[in-house]
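Residue numbers (the working numbering), protein chains in the order written: chain Y, 1 to 163; chain A, 1001 to 1162; chain D, 2001 to 2382.
Calculated directly from the structure, the hints in this document are not laboratory data. These numbers come from a predicted model, not from an experiment. Just so you know, even glycine gets a beta-carbon here, dropped at the ideal spot from N, CA and C. Careful, some of the hints might be misleading.
[Unchecked claim] Just so you have them, the derived chain Y footprint on chain D, three or more residues with Cβ under 8 Å: (1) 2061-2069; (2) 2101-2108.
[What the hints assert, rightly or not] With the C-beta cut set under 10 Å, the calculated list includes, among others, these residues of chain Y facing chain A: (3) L21; (4) S50; (5) H117.
Residue strings, one per chain:
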Amino acid sequence: MGFLDSEFTDGNIVITKAEDLLNWARLSSLWQVSFGLACCAIEMMATSASHYDFDRFGVIPRPSPRQADIIIISGTVTLKMATRIKRLYEQMPDPKYIISMGSCSNCGGPYWEHGYHVLKGVDRVIPVDVYVPGCPPRPEALLEGLLKLQEKIRNESMIKKTA
Amino acid sequence: MKQAEEILQILKANFPDSNLELKTDQPTEPILVASPLEIDKLSMFLRDSSELLFDSLMNLSGVDEIKANLLSVYYHLESTKLKHKITLKVSTDRNKPEVSTVTEVWKGADWHEREAYDLFGIIFLNHPDLRRILMPYDWDAGYPLRKDYENPEFYQGMKVPY
Amino acid sequence: MSQESSLNTKSSAIRTEEMVLNMGPQHPSTHGVLRLELALEGEIITNVIPHIGYLHRCFEKHCEAMTYPQIVPYTDRMDYLAPMGNEFGYAIAMEKLLGIQVPERVDYIRVIMAELQRISSHLVALGTYGADIGAFTPFLYCFRDREKILSLFEMTCGARLLYNYIWVGGLSHDLHPDFVRKTREFIKEFRPNLKEVNDLLSHNRIFIDRTANVGILPVDTAINYGVSGPNLRGSGIKWDVRKEDPYSVYHKFDYDIPVGEGKYGTVGDSWDRYYVRVLEMEESCKIVEQALDQLPEGDVQSAIPKRIKPPIGHVYSRVENPRGDLGYFIISDGSTSPYRVKVRAPSFVSMQIMNELCKGYMVADVVTILGSIDIVLGEIDR
């Protein structure tokens, strides 16, 4: 249900719960750490660029994790990188969300068996909210992932922490 | 433009004590086999001799020949001026793999040699900065591209296998 | 001192503090996961140590475990801005080892794909280079055109980014019936768009001031390091694998090799390296047009071997990828999977010159220089 559905017909008044208002504000401006890892990062860039226009969902790339709400793990996480990703995640202020983009960061992808230096899934170091499958996922798939995340945020409760 | 045989003759004339051998039984290019501790002098000559002028190192790769208990290094050289190419190979004992560095000759060899050290454990003598390059600096589970390598169960508390 | 830091602090009578600054692995302009350790004397760079390996995905180990046709998708994932070029290189190497002659149509389609890929790869290089040093608009323009090329690829093989299209001995699909017409349309649209990018970026005074006379690479140093591709040509030498060591059907086309001329500064500066890429896109357009005109008929899968089992031996073969000379060294032990594959990645070699190029420049120039050598970390770390 949309936030503006409960608007009064005349006059600019909307009656809602504080929780809904907060969630609505959160989900409409998810700032993202501009941080790419591998092939998926190129698709992430394509998503932000002219054709797919990530901006219309309120996703703006921020160079610093301290100003960001969401981090998209776009690509293969190696053992050397895993500790750095954990640190990046810890630097982000709460509330923070993670989209794991692509097979590699979901589960190791094509490198699951012989990848001696590949972490088989970023969820071994940080908690993931939405998994986007694909190798690499199309920009539409990433957009779908973001919509799923927005849905999740919309149903969040201030009292009960969900993630 | 020189063929591999001519290059071998020039090298033999200048390095009479060296143990050089040309293997021509390959389906593609022949290989010139040299000794691992002389490769730096040989390379310097290959680069500077006016007849050869191998000014560019195209590729350097380590290979684990476990059946012969050897670790080998292949050098693919090219002359951008004279347009000829040659493949060199040196082999060294797997238990004490030591090869002279060619970073003095071609600076581009630096990272290639570090990679061969990182993945095969080949020691390049006199290399200016022989550290791991691709794997983490504190990786202590061995050299991953060796045929008998076994991956560790954990690295810094993270589970490695699937 | 730990192995991780190899920078020494200097000591002299008048001491100035040398500062070590870490750039990356998360940094908006390192084009992936690269860490640079900069030693600074005030704002001036005295030493740069790149730390790589944050994307080491064990390509070479995978090759030893896979059969020859299974390797193709992994080659895609090395230089993920130019997967067609990587597949092309692998196919050429394997065909040389197996002694396969592919049908002419296959060669032509491969060349068309590789050149379109070159354009799309250079578009990303240009766009992100502009974005790195403060011009965001060209990024959007470049990606607009790149999307058109990606839809051409998608029409051909169903994938946008990683294609698994060029197989050993052939191709996975023949061209879509509309492909030739749509590609011609694209080239027609693209030429004026390229001029737009030139107006926005190449001859923009601010851009020139940031890039001209910065990070000058002399030819001798470049060759000694083994640098290739646009980085080498930016230094003013006409050296291209497509001309020096012709492969496939490149000898049938008429095209030029652009080189750096030092128009706004010194030969071999960042602007030259950048502008060589712009000119190369035009040359690629020419090749694609000629190939479309001459495109022969035929079956694209007739030469694909049922089972790939090469003779015992080794092969080294190379192609001109958008980033330079991409070499494959494959050792076969006579079985269905290779004994050893080593890839000579052009970015891996180009990355080594960072220290040479950055010394004596300001911190802000690191981004300029790094962008101008156009690296892809997937290829450096493999």
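Check the structure against each numbered hint from earlier and tell me which ones fail, lowest number first. Hints 2, 3, 4 not satisfied by this model.
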